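K.L.:
Here is how the chains run, residue by residue.
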Amino acid sequence: MDAVGLAFGLIFDPYVLMVMLLAACFGLFMGAIPGLSATMATALLVPVTFFMDPVPALAAIVTATAMAIFAGDLPGALLRIPGTPASAAYSNEAHNMTRKGKAELALGVGLTSAVIGGVFGAIVLATSAPVLADIALRFSSVEYFWLACLGLTCAAFIAANDPLKGVVSLLIGLLIATIGLDPVSGHPRFTFGVVDLMGGINFIAAMIGMFAVAEVIRTVTAVGRPEEILQERIGNIFKGWAACSTATR
Amino acid sequence: VKVNDAISGAGLIVLAGLVYWLTADYPGMHGQPYGPALFPRLIAVLMALAGLGLIVQGVRRRSLAPLVVLPDWMGSPRHAAALAAVILAVVFYIMVSRTLGFVLTGFAILTVLFVLLRGRAHIWSSLGIAAVAVVAIQQFFGDFLRVPLPWGVLQPIAW
Numbered sequence: 587m588d589a590v591g592l593a594f595g596l597i598f599d600p601y602v603l604m605v606m607l608l609a610a611c612f613g614l615f616m617g618a619i620p621g622l623s624a625t626m627a628t629a630l631l632v633p634v635t636f637f638m639d640p641v642p643a644l645a646a647i648v649t650a651t652a653m654a655i656f657a658g659d660l661p662g663a664l665l666r667i668p669g670t671p672a673s674a675a676y677s678n679e680a681h682n683m684t685r686k687g688k689a690e691l692a693l694g695v696g697l698t699s700a701v702i703g704g705v706f707g708a709i710v711l712a713t714s715a716p717v718l719a720d721i722a723l724r725f726s727s728v729e730y731f732w733l734a735c736l737g738l739t740c741a742a743f744i745a746a747n748d749p750l751k752g753v754v755s756l757l758i759g760l761l762i763a764t765i766g767l768d769p770v771s772g773h774p775r776f777t778f779g780v781v782d783l784m785g786g787i788n789f790i791a792a793m794i795g796m797f798a799v800a801e802v803i804r805t806v807t808a809v810g811r812p813e814e815i816l817q818e819r820i821g822n823i824f825k826g827w828a829a830c831s832t833a834t835r
Numbered sequence: 021v022k023v024n025d026a027i028s029g030a031g032l033i034v035l036a037g038l039v040y041w042l043t044a045d046y047p048g049m050h051g052q053p054y055g056p057a058l059f060p061r062l063i064a065v066l067m068a069l070a071g072l073g074l075i076v077q078g079v080r081r082r083s084l085a086p087l088v089v090l091p092d093w094m095g096s097p098r099h100a101a102a103l104a105a106v107i108l109a110v111v112f113y114i115m116v117s118r119t120l121g122f123v124l125t126g127f128a129i130l131t132v133l134f135v136l137l138r139g140r141a142h143i144w145s146s147l148g149i150a151a152v153a154v155v156a157i158q159q160f161f162g163d164f165l166r167v168p169l170p171w172g173v174l175q176p177i178a179w
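Keeping their order, the protein sequence lines are chains A and B. Positions in the first sequence are counted from 1; adding 586 to them yields this note's numbering. Positions in the second sequence are counted from 1; adding 20 to them yields this note's numbering.
Honestly, the hints are just simulated from the structure, not real lab data. The structure presented is a predicted model; accordingly, all values stated were derived computationally and were not measured. Worth double-checking, as some hints may not be accurate.
Dumping the calculated DMTMM-like pairs for lysine to aspartate or glutamate here, alpha-carbon to alpha-carbon at most 25 Å [unchecked claim]:
hint, chain 1, residue 1, chain 2, residue 2
1, B, Lys22, A, Asp588
2, B, Lys22, A, Glu801
3, B, Lys22, A, Glu679
4, A, Lys686, B, Asp45
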């Protein structure tokens, strides 16, 4: 328990808190711009942290990453263009809530879940890292194969209204993922002699193409008046808590 | 464009056949029963099966909706032109950005799109926004984030 107290002492230092605030602003900016991901925010911060002490440096990187992951929800909910790949799965639903004037609730749900997930993950890692490391060492190709199978089947059947179309989009995605050099034999697949395709299709590029370009095309071909978006005040994003606690009662 | 599932299913089968044909000349791996063609072919077979499933589904539902539903913008030349402009802008960037440079290409594309979408009445503000946006993007991505945006003919005055 001494270690925990010591850790809090290290964190609640005015200098560290200031670094965290600045890193949070930086992460917010990086996450909210589609195409700039949390990984990129970390990569840009690393050279800056060389000139810092270890505690503020780690705090800066962790804060910027966590903030960037949440900030990806902002353009996802407001523009239907996810800011980071992590927000892509539900940007359509979040945008539908925005169109009904519930942007506040959508962003509140995003922020609250991000905080719960992040804090839970940190607690699990801090308390059971040795046990987890033991399990992780026993993870071999067989386990990875079944994990990938589980993920892929989930991806297909999450399209609840038409599972067959979910399977089709999964297959198209897998086909796009085979573009580039085959990882085992090094033979180029579907590159048609274009050197730029040898490294495969970048995830960020695919995300921008599918969400941002699609949204642009949807906007320029919108016939008729632009639809009215109910603009409710975006104030306290934790207002949804009240609905949440009454629902569970 | 909304089409009946049977048509998209047929398209999927054609795509699967194309994938199978393209992987035909992939070399095998020495001493291994499978090579780089295995995974794409597995996807192609599953795709063909899914295509068959879509055809069955489409034939069953053929009475519910017309075979092809054209989107509204096809009837409006202005919207069709806007869509064509967006696609041509991307093609234009790919073709000339390396020789003309990011700043000039980006400025041309943004100006044309702004004038097309906002109308000719706002041409001066469109030119201004395009210029500011291009310089800001060049400064942020090219300078701060170190993205190697091409300078093209402006190389002598690159900052």
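K.L.:
Confirm or reject each hint.
P.N.:
Results of checking the hints against the structure:
Distance restraint check for B/Lys22 and A/Asp588: the Cα-Cα separation of roughly 64 Å exceeds the 25 Å cut-off, and the hinted pair is therefore not satisfied. Distance restraint check for B/Lys22 and A/Glu801: the Cα-Cα separation of roughly 17 Å lies within the 25 Å cut-off, and the hinted pair is therefore satisfied. Note on B/Lys22 and A/Glu679: the hinted pairing holds, with a Cα-Cα distance of about 21 Å set against a maximum of 25 Å. As the CA atoms of A/Lys686 and B/Asp45 are separated by approximately 53 Å, the hinted pair breaks the 25 Å bound.
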